[in-house]
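Student: Residue numbers (the working numbering), protein chains in the order written: chain A, 1 to 68; chain B, 69 to 341.
Hints in this document: simulated from the structure, not taken from any laboratory.
Watch out, some of these pointers could steer you wrong.
Label pairs and their in silico Cβ distance ranges [stated by the list, open to error]:
| hint | chain 1 | residue 1 | chain 2 | residue 2 | range |
| --- | --- | --- | --- | --- | --- |
| 1 | A | S25 | B | V118 | 16 to 22 Å |
| 2 | A | F10 | B | V118 | 56 to 62 Å |
| 3 | A | T24 | B | R233 | 54 to 60 Å |
| 4 | A | C36 | B | R228 | 28 to 34 Å |
| 5 | A | S25 | B | A313 | 54 to 60 Å |
Quick caveat: nothing in here was measured; it's all calculated off a predicted structure.
Here a beta-carbon is modelled for each residue, glycine too, at the ideal position from N, C-alpha and C.
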Amino acid sequence: MTDPTKPCPFCNSSSTVRLADFSTSLMVSLHYCERCKTTFEAIKWGDTSTPLDLPGFLTDRSSRPPLH
Amino acid sequence: MSTVTTAEHETTASLDEATKAALHRLLRAVADTKLLLGYHYGEWTFGTPVLEAAVANCSLAQSELGHLRLLDGILKKHFGDDPDALLADRAPEAFANVRYLDQDLPGWTGCVAMTAVVDFAITGLLDALRNSAFRPVRQSIDKMLDEERYHVHHGRGWLRTWAARGDEERAALGAQVGVALAHVAEWFGPTGEADDQALVAAGIKTRTNSDILQTVQAEMSSLAADIGLSLPEAETVDFGAWTPANRRVGSGGPEAEILSHLRGDRNDLFKLG
């Protein structure tokens with residue numbers, strides 16, 4: 001699927017697709033740049049921009065009150 | 069989203085005995101389930117329909133075992149558990165994992181149902197601990213949930229993919245999801261169960277297990293309808309013999325061969341310490 005939130009780190013094109021949610025290590029996903037034909041990885045932890053197929057209650061990441 | 073209105077607890081010293089014991093049992097049950105999830109994901113790093121699923125299961129196994137280590141740390145520091153001894157010395161009946169994980173999974177359909185239902189249900193429980201009044205738990209949850217969101221996303225994706233593969237796969241998947249949902253319902257326990265009430269009253273959990281189960285069931289029903297999956301009617305569970313110690317109705321536990329693998333019985337010679 002096209003994933004414009006992950007621009008290519010080599011040519012900066014936003015014409016990229018996500019190939020896989022899990023890649024060479026736990027914390028990265030695998031992407032492909034359709035412009036420069038390069039495969040690259042992106043760190044996913046803490047990422048709120050990548051759309052995931054989730055039930056509503058798991059999309060709320062912001063309302064937790066701070067620790068004292 | 070509710071916020072913490074009860075006292076926060078840095079340690080178990082400020083918890084009453086019943087609440088401390090209830091939290092201890094719950095964390096052990098989550099740790100046991102994550103141990104078995106890690107095992108089964110590890111088993112399914114081969115034999116998947118596509119290589120990508122094998123890579124994903126490697127990552128999912130790492131996640132679950134990492135979460136187990138986080139929970140082990142809490143169990144050791146705050147409850148005096150010896151995680152190695154818990155694995156080595158307990159009888160199968162003392163393990164409080166979701167029953168679905170007691171045996172080898174029945175094929176790839178079973179693995180998809182594990183991710184989509186069992187892993188998802190435990191994530192629902194973790195979400196209810198996100199604002200926990202017990203700070204050591206609260207500080208660990210966001211890390212786990214960050215990873216679990218990908219598990220849920222992955223499980224739902226495979227559920228859609230497998231259901232679209234054909235009538236036979238869709239029928240088998242519906243049946244397997246039904247089994248997983250029944251086992252999850254057993255694990256969450258009866259409505260109004262004493263441990264659960266104590267934990268919610270103390271602000272350690274923000275939702276009851278019955279409430280979490282209803283959410284899990286509703287989400288699975290909605291997804292099943294979306295992809296044309298026929299789920300069996302949920303059977304009423306007789307919780308008469310259920311206890312929070314092993315979260316099962318009647319006896320049961322991981323089968324001997326699985327425990328032997330987990331304990332590394334065939335590699336005694338190479339164990340450290």
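Student: Going back to the hint list, which numbers does this structure go against?
Tutor: 2, 3 and 5
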